[in-house]
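Using full-length UniProt numbering, you'd call the opening residue of the sequence shown number 1 and step up by one each time.
Derived from the structure by calculation, the hints contain no laboratory data. Predicted model only: the values in this text are computed from it and were never measured. Even glycine gets a Cβ: it sits at the ideal position worked out from N, Cα and C. Hints are supplied without guarantee of correctness; some may be wrong.
Stated by the list, open to error - Label-pair ranges, simulated between beta-carbon atoms: (1) V284 / D38: 36 to 42 Å; (2) S273 / S131: 36 to 42 Å; (3) G172 / G34: 49 to 55 Å; (4) E165 / R339: 38 to 44 Å; (5) D38 / R303: 45 to 51 Å; (6) A330 / N134: 29 to 35 Å; (7) T350 / A123: 18 to 24 Å; (8) E81 / A330: 15 to 21 Å; (9) A228 / D38: 39 to 45 Å.
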Amino acid sequence: MTITGSRNALDVVEIVDVVALGESMVTFLPSRPGRLADVPSFERAIGGAESNVACALAAAGHSARWISRVGDDGFGDHLVEAIGSYGVDVASVRRDPARPTGVYFRTAGDRATGAHEVAYYRAGSAASVLSAENVDLAAARAGRVLHLSGITAALSGDCLDLLWELTEARPGRPLVSFDVNFREGLWADVDGPRVLLDLARRADLVFVGADEAEAAWGLCGAGDIAEALPEPGLVVVKQGRGGAVAFDRDPDGLSGLGGLARPAGLEDADCVSTHVRAPHVDVVAAVGAGDAFAAGFLSATLRGLPVRDRIRHGHLMAAASLTAPGDLAAPPARDHADRLAALDSAAWGTLRLGPGWTQAAQAPEEVRTP
């Protein structure tokens, strides 16, 4: 099957809920635990921070568009078909006949352990030359939210220039969501931490892990992280099993979805912090949880839910990923997630989620632990 992935220049670009721009790669998952040297076979899947968010949002009922470049090869065909099968608009994905689609292999172990191995084959990939000249900028800006990540910025100078372009403050800019996604190994010749800090300060909504903020910027407390990012209207600091805390500089919703981050005259004293612990999760695979959290938070943002519920929906989407193998997992039905997100504090604190919970039709009390 031949897929051109190009949109006619005369087509009217449809406004969607979320546009996600960045590289996706074909992922090879091991057939059993062990070193890469010892694993006899692998199962093919897909992986990419931005496309993961787009797929999760589409599966949750939102309109989503993924923008990228892939090689004119079988792996590129697979990525476009697989991501499109979630209901994601892939018409703005361009094919590159001269560069390959990126691939990577990983072990089955938790990424947080020293035994975890990842072998990337992405140097010179089609997505590494994403630029303002070869991307459909109109399609990228035709969303209520534009979701970006620091991984794209690290791929090349062209990619970084594209992110500078897309995060430039301008009238009518979509709400820019930025996941820091610090990967030290990708920043060989550039001051990655400084670049990521500058990009985050140009965004409206920032997701950052407490661990990566410490590694990149030497910041240890959630409050210190928020202070280092004074411009975004909302900063979400993820703390692993400790939950997440959101710092909201627009607690009255004065800027609105799709406006620039911070209304004139809003003072730091107006910042409101909201902390929500993560539910207990019986982890199957600790991959893709950060992308899923962002998708859940963005889904609730698009629906106009309060910040506490946005964080809870982020945790629930992350729990869906953690209780399934691979980077992508079926999200809970919206009414199921809404019931769980509406639990009182005591009930939320006893919530435990295990494999298969997203398919359960139980009432909330049936998934709680004593």
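Status of the hints after comparison with the structure:
1. V284 / D38: 36 to 42 Å: Distance hint for V284, D38 is violated at roughly 21 Å.
2. S273 / S131: 36 to 42 Å: holds, 38 Å
3. G172 / G34: 49 to 55 Å: With a Cβ separation near 52 Å, G172 and G34 satisfy 49 to 55 Å, so the hint holds.
4. E165 / R339: 38 to 44 Å: holds, 42 Å
5. D38 / R303: 45 to 51 Å: holds, 46 Å
6. A330 / N134: 29 to 35 Å: holds, 34 Å
7. T350 / A123: 18 to 24 Å: This hint is violated: roughly 47 Å between Cβ atoms.
8. E81 / A330: 15 to 21 Å: holds, 18 Å
9. A228 / D38: 39 to 45 Å: holds, 43 Å
Of the numbered hints stated above, those contradicted by the structure are hints 1 and 7, listed in ascending order.
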